[in-house]
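Asks: This is what each chain is made of:
Number of protein chains: 4
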Amino acid sequence: MVAPTLISVDVSKPAWEQDPEKPLHNRWHPDIPAVASVKEGEVFKVECIDWTGGQIKNDDSADDVKGVDLSQVHYLSGPIAVETAEPGDLLKVEILDLGALETWGFTGTFHKDNGGGFLTDHYPEATKACWDFEGVYCKSRHIPGVKFAGLIHPGLIGTAPSKELLDMWNAREKQLQDELGTGKQKTLCSCLATRPLACLPEPAGALLGKLGHFKHGAKHASWAAVAAEAARTVPGRENGGNCDIKNLSRGCAVYFPVFVPGANLSMGDMHFSQGDGEVSFCGAIEMSGWLELKCTVIKGGMKLLPAVGPSPLSVNPLFEIGPLEPRYSEYLVFEGICVDERGEQHFLDATLAYKRAVLNCIKYLAQFGYTEEQIYLLLSCCPCEGRLSGIVDVPNAVATLAVPLAIFDRDVRPSGTALEMLAAGVRVETTQAKESDVTAAAIPYDAKLDRCVPCAP
Amino acid sequence: MVAPTLISVDVSKPAWEQDPEKPLHNRWHPDIPAVASVKEGEVFKVECIDWTGGQIKNDDSADDVKGVDLSQVHYLSGPIAVETAEPGDLLKVEILDLGALETWGFTGTFHKDNGGGFLTDHYPEATKACWDFEGVYCKSRHIPGVKFAGLIHPGLIGTAPSKELLDMWNAREKQLQDELGTGKQKTLCSCLATRPLACLPEPAGALLGKLGHFKHGAKHASWAAVAAEAARTVPGRENGGNCDIKNLSRGCAVYFPVFVPGANLSMGDMHFSQGDGEVSFCGAIEMSGWLELKCTVIKGGMKLLPAVGPSPLSVNPLFEIGPLEPRYSEYLVFEGICVDERGEQHFLDATLAYKRAVLNCIKYLAQFGYTEEQIYLLLSCCPCEGRLSGIVDVPNAVATLAVPLAIFDRDVRPSGTALEMLAAGVRVETTQAKESDVTAAAIPYDAKLDRCVPCAP
Amino acid sequence: MVAPTLISVDVSKPAWEQDPEKPLHNRWHPDIPAVASVKEGEVFKVECIDWTGGQIKNDDSADDVKGVDLSQVHYLSGPIAVETAEPGDLLKVEILDLGALETWGFTGTFHKDNGGGFLTDHYPEATKACWDFEGVYCKSRHIPGVKFAGLIHPGLIGTAPSKELLDMWNAREKQLQDELGTGKQKTLCSCLATRPLACLPEPAGALLGKLGHFKHGAKHASWAAVAAEAARTVPGRENGGNCDIKNLSRGCAVYFPVFVPGANLSMGDMHFSQGDGEVSFCGAIEMSGWLELKCTVIKGGMKLLPAVGPSPLSVNPLFEIGPLEPRYSEYLVFEGICVDERGEQHFLDATLAYKRAVLNCIKYLAQFGYTEEQIYLLLSCCPCEGRLSGIVDVPNAVATLAVPLAIFDRDVRPSGTALEMLAAGVRVETTQAKESDVTAAAIPYDAKLDRCVPCAP
Amino acid sequence: MVAPTLISVDVSKPAWEQDPEKPLHNRWHPDIPAVASVKEGEVFKVECIDWTGGQIKNDDSADDVKGVDLSQVHYLSGPIAVETAEPGDLLKVEILDLGALETWGFTGTFHKDNGGGFLTDHYPEATKACWDFEGVYCKSRHIPGVKFAGLIHPGLIGTAPSKELLDMWNAREKQLQDELGTGKQKTLCSCLATRPLACLPEPAGALLGKLGHFKHGAKHASWAAVAAEAARTVPGRENGGNCDIKNLSRGCAVYFPVFVPGANLSMGDMHFSQGDGEVSFCGAIEMSGWLELKCTVIKGGMKLLPAVGPSPLSVNPLFEIGPLEPRYSEYLVFEGICVDERGEQHFLDATLAYKRAVLNCIKYLAQFGYTEEQIYLLLSCCPCEGRLSGIVDVPNAVATLAVPLAIFDRDVRPSGTALEMLAAGVRVETTQAKESDVTAAAIPYDAKLDRCVPCAP
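Chains as they are written, first to last, in this note's numbering: chain P, 1 to 457; chain B, 1 to 457; chain F, 1 to 457; chain A, 1 to 457.
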């Protein structure tokens, strides 16, 4: 808590007006210069603004979520150079502590035409829930009757890619996009509505740290070239990045591959809490926050990471978790199999199985006095666990979603009493934050929703 | 432990020569008669033979796995009628205790031409590991240096389908098969080698309880008709079934939809332990075992289960887990994203992401003195957890695989010491059970392996 | 589960009519011959009758508890010789599994004139609760509204003492008894009513295995001499013995000092569940049960155990616990300090502090619809934890008692609602098993109760 | 983290020179005025200096521990008035978060002539270990080879006593002191060396908040009278106070009785980590720290707390713990029985049983390369658990001490390897902080040490 702060932010200022010596960035590129450097073993603190840079407000309308500018995300603090790190090393980053910079956070679902989410075809409108933090706990006026402890973590943390790795990313993601509509398209496009399919490099909204940014003022000579090829931060990749793994929390250690001299570690997208999958996409309890870190280098250690693929760069970080995670003792668990909402059979498709488990859970829990949108938001941010339970029993993958019973102020187990409650039509008194032009009517599954539409230019 | 035994088995006899009053079955069909009935609240014990009916032996050759007759699986005990259960009810089944009937079990990987598995394209040969049970713990002479406590559970437990539900299953699974090669194929066929794509009804090998069986003797008049349409037991479906959920263990309660009068509960495929996903397919530590159960009926309770799909039958069971699961405190966690081994980008594909996490783990742990086949077997049966960590960050799904450190007798965390061990080429002294015609050479990824081949007639 | 049974019992027969080849015993003495022997590494099963030898019945009267013959306890299975064990070795006993032999057990409080208990001065009458086992869970018709999973363990397990150690025991326990009333008496006698103060050797009731027993028939020539000096089994001592540690459960390993050739391991007093302290003395959920064990010898390992005291024999066993204990996540915790019920201050007395914590808990929970006797019984046998929280802050020791909230079917946390319930005088409908001559009136604290009375001759 | 700070401290200043508007206090008395007030439901932060007020330094000598002025302890922040709280209410204090104000803390053992400790008769000299915090973890240069996560908590938190309660305290503690040497002494004085027996009111060193302090300057007219009867803060009592319960940590809620208008809550003695019992007395990892709190009042709720004793004030707080505690999975557990180091038998004495368990553990672990003093310090501050395992098996109480294996960088389980290490005399390279006049020689048990000496005037 009292380690020196390496990078500070001011949450009252725009992302592009933070510390001019240590500006933020929102793209991955090897040429974005480090803004600070640390020695091995040094303990330091890094502050981060929320991933949208303050676009979402603590109020009761979801219009800000609906109109969010996604070209700007995610705002990251860094890169931080670790003095002795060289390509081929393994960088051990110990997450010694984490915290919030404000006493509130938000969870939202994007509108289907601006971001979407795992269940956009069921819940196409933007919604929002604001959460108040009370120390380690949080509550929301928009989803009454639940309370849980946060498992604070960075949704996004990673090392900088080398040029070779960046080129790999851009090539494969473009190919995915290009295949759309050609008959070669892979997998889930026909049944999982998400827009866009991938997020290719996009100079609009690019903030490139010391190279300058999209808003105003002088840019470095290389700005345009870098912005044109810098990777978006949306997906997790070989460098870690936006993995949204809720278990990267207090006391854990992450081992990152090092692709560039100094490793150039960046991080952001702080979450007060998240459910496995972060299903609503906007998604965890998003907040501004801080991390306390220590870095160590295992020289030549990248060879400990297995390369599975055509390139020696085809690796992924690994991490250790310790005894500090909250441990609930009682869960209600929902199953899903890969048969879609139209009744069609898919083949060992864990994504669809999880979609089904999440839907089963939403519709089940909504019976206890909630709207489906409230449960969708809740599952995105509460400490629920998504499991790949069965992945070989053709043709059905089985996924499970386990929700801790202790987060509810009522008994949500199936019982005769629950049936009576259902018959009586009990509802929770609540205000929900929705788009201003949305009626309160239930929104049915939209089987005709356009799917896998490429990014608008 | 001393509850009355409702159904007994004799592990020294073939599956078709068990108690003639309470014969086993290996297909799902509403017309398979119940062999026993219980009252609500009654505590009773059910014994089950292993899923293959004794085809696999406790020896050091994997030839039995290679040649296994999969048309016979899974051998189930039941159906058990619950006296007051009617269609539309919810059947609560409390799993009060479980145990083994013998002191050993097995884990195997099927040959690519007979069963396959999650990683068949990497590990196409049959392998086997036999496990010795010492009370709650197990060890294997084929994978030395690991020991863990079992989390005994039925891989397969479910209620009987109604005719309407059975028809739904057969229609959709046939459609999946039929689409293969038409350009409409939906799925992972292009990147996930598994044979077959689905298991359609197949009279060969059918054991239909009191209706008779494939082996010999008199069959009921309806045998041929039922065998021609009875569903295979391979996948989990709306009735539960072969969900292979490792958490259905001591002290848990499962809520099943009831589709036929009496519910007609069946179960089998007992596992001493399993990892999430059961990746090697043959897959957990398979054994003969027993369960102690209690059934309760929530009248009309099926309406508590959400129907998501075109039919009101499109539901899934849910279950509760309590404080009895083993809780490890330290894990090493592997990440995977949905980029395949050829470097191609897929779209939010959790199956591929998990495949990648499993591969990363196999190749990482193999460095500590194991063959990759040994780790593949181990991950299929040890208490590892597979998580759907991120499912919205286009285009990459992120899956994680968490392995408890306490199961190893050595420190498998990344470190300088691990690097030195790698350099020194340390290997565990071990005998592995493989097919008799396989050389010890490492088997490379076979990118050309035929994929998604339909069942042979 | 299917390991060979080394020692069997028949719960329908008296303790002195069990297997004549492997008779039971209820005293500690080096000359009691081993009834069986095992090799290192062998897995074997041992059955045990309940500690009273069937004196307590599954009915609704506590008269059997009131009149119990305590000279007979505890009936043990063994001694079992471990082939290579020699004095000076350390015997590792792995508790591989455990189970019940019947589907019920009992918890009682002894009458103040026959056994007593931790709170005899508050609850002087005999009471009893019978528990029904449903697999891993138990419930009692005498204490409705609670349900919990058992943590089966042997209340008593230990190695045989050498003659030298036996003499130490007898000398020191006699001295304690002799000091009573002399002004030298140690510590708690003035404030903790228990009868007797110690249990010195007593031929009445002695069952000495192959040397013969008190009931009838031929006794070995040495019977009288051995019975006259054989130690009673009531307290835990240097050899382990009746330590009543609830954590000696599934998957744990105990390291015992070896005092005689073969170690001569004995065990009994099986508990389905127990709370820390086993406060009611009769005390856990007592039952007949079985253990599955494996023994290993660490040659010369007794020197690893520290001898603290005048003799090199002044050691205690140690043990390991693993990840298999049930883990509750929410507890209500009661504090106690060492001020007695008369308001007198004691000095760092953890026994009194714990007595106060237990009393606080009893009186608190009784407000939720129970009698105090019911809660006293419950705390003796449910999985509650007793902690020595502070032991240095003169003059008060602080002890805490943590009760898992999940065992209750109602919310027992302090709240305005709880206050209303208290005001309304809500009570649970229940039958309690008490002595036949006891009225239902509340029994006040008896400050004049005789304390520390020596054994009757 | 960002809640408003109600009371601030400056760790660079003496205790008596903190915020003059909100001065600290180190005595309990109803007339010490509140320094701040809060509304129900308000979230606020309180900072506290370490309990000694900065007397102990981060260096390698234990001379500061040896010469510490104990008349000054414990320095508390508060009293804080809760607006609506009245005598007879129950005050719910939620501990929402906690943290350190500096990056180091200390553990010490007091010299036998100045403070003593649980094992003063074995380890009479002053020692010290300084700990460095790295986020949630800590390490000590004085005890190498161990690392663990903190479970930060206030060693001391409580409400103000009423005059009636204060008088009860003073009377009973004086009586204890007065009985010493009269033959009526109750307790452990004959076997547990501690000085003093109790800490009676003592104007020297008294800091009385707004009434003034011992150091200098103007005192309130009532200062002398209040100082003469204000209770010392050493023991836990009916108001909570110095209970040193390590589980009062993140996310827990404590229910305090209210004795005076406003409740007047005070707190201090922040611990980064503590073992059950805090055996070395100086004892946890002591530090300056902060708490984030929320208070709620249950009107009339004190009647929910059972009064056990002659006065309706004879109550104790209770508390709830949730899913946030670190959960280790593997422990090594030491047993102790109430036979003292001279071999004398005591009667159900849990204090002695725990003393023996702690000694057994110290001497066992010291074999792995430590001095006994290092382990004594470690057990006082690491997350070990002290249990009252058996409290009824006359004459022996059984206490257990469970130490998590994961805090050590080596395997400390009993084994042949451990024996070899012992034979080889392996020692850890370490500097220990001891008194400057102490030799490194092992210090034997001092059976003749004066015991229970009253406070010097």
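Note that these hints are calculated values from the structure, not bench results. There could be a bad hint or two in this list.
A pair holds if it fits inside one copy or across any two, identical chains being indistinguishable in the list.
[Said to hold, decoys possible] Computed list of lysine-lysine pairs in DSBU-like fashion (alpha-carbon distance at most 35 Å, straight line):
(1) 363 x 299
(2) 363 x 219
(3) 139 x 303
(4) 139 x 210
(5) 299 x 147
(6) 22 x 363
(7) 363 x 163
(8) 219 x 294
(9) 13 x 294
(10) 147 x 363
(11) 363 x 210
(12) 215 x 147
(13) 57 x 299
(14) 57 x 294
(15) 139 x 163
(16) 39 x 294
(17) 303 x 13
(18) 363 x 303
(19) 39 x 13
(20) 294 x 147
(21) 219 x 163
(22) 139 x 294
(23) 215 x 13
(24) 219 x 147
(25) 147 x 163
(26) 363 x 139
(27) 13 x 163
(28) 139 x 22
(29) 147 x 210
Asks: Taking the hints in turn, state whether each one holds.
Replies: To see whether the hints hold, each was checked on the structure:
1. 363 x 299: between (51 Å within a copy, 20 Å between copies)
2. 363 x 219: For residue 363 and residue 219, the Cα distance exceeds 35 Å both inside one copy (50 Å) and across copies (44 Å).
3. 139 x 303: between (45 Å within a copy, 30 Å between copies)
4. 139 x 210: For residue 139 and residue 210, neither the intra-copy (38 Å) nor the inter-copy (38 Å) Cα distance is at most 35 Å.
5. 299 x 147: between (44 Å within a copy, 24 Å between copies)
6. 22 x 363: The answer is neither: 46 Å in one copy and 39 Å across copies each exceed 35 Å.
7. 363 x 163: between (46 Å within a copy, 26 Å between copies)
8. 219 x 294: within (32 Å within a copy, 49 Å between copies)
9. 13 x 294: Both, since 28 Å and 30 Å are each at most 35 Å.
10. 147 x 363: both (20 Å within a copy, 30 Å between copies)
11. 363 x 210: Neither: 48 Å inside a chain and 39 Å across chains, both beyond 35 Å.
12. 215 x 147: neither (39 Å within a copy, 47 Å between copies)
13. 57 x 299: neither (45 Å within a copy, 37 Å between copies)
14. 57 x 294: Cα proximity of residue 57 and residue 294: in one copy and across copies (33 Å, 25 Å).
15. 139 x 163: neither (44 Å within a copy, 40 Å between copies)
16. 39 x 294: within (9 Å within a copy, 40 Å between copies)
17. 303 x 13: Neither way: residue 303 and residue 13 sit 42 Å apart in one copy and 51 Å across, limit 35 Å.
18. 363 x 303: between (46 Å within a copy, 11 Å between copies)
19. 39 x 13: Classified as both: same-chain Cα gap 30 Å, cross-chain 32 Å, threshold 35 Å.
20. 294 x 147: So residue 294 and residue 147 pass the 35 Å test inside a copy (32 Å) and across (15 Å) alike.
21. 219 x 163: For residue 219 and residue 163, only the intra-copy Cα distance (21 Å) is at most 35 Å; the inter-copy one is 69 Å.
22. 139 x 294: Answer is both: 31 Å inside a copy and 14 Å across each meet the 35 Å cutoff.
23. 215 x 13: Within. Shortest intra-copy distance 14 Å satisfies the 35 Å Cα cut-off; inter-copy 47 Å does not.
24. 219 x 147: neither (46 Å within a copy, 47 Å between copies)
25. 147 x 163: So residue 147 and residue 163 fail the 35 Å test inside a copy (45 Å) and across (39 Å) alike.
26. 363 x 139: both (22 Å within a copy, 33 Å between copies)
27. 13 x 163: This pair counts as within: shortest intra-copy Cα distance 32 Å, inter-copy 54 Å.
28. 139 x 22: Answer is both; intra-copy 34 Å and inter-copy 32 Å each pass.
29. 147 x 210: Result: close neither inside a copy nor across copies, 41 Å intra and 39 Å inter.
Hint check: violations occur at hints 2, 4, 6, 11, 12, 13, 15, 17, 24, 25 and 29; the rest are consistent with the structure.
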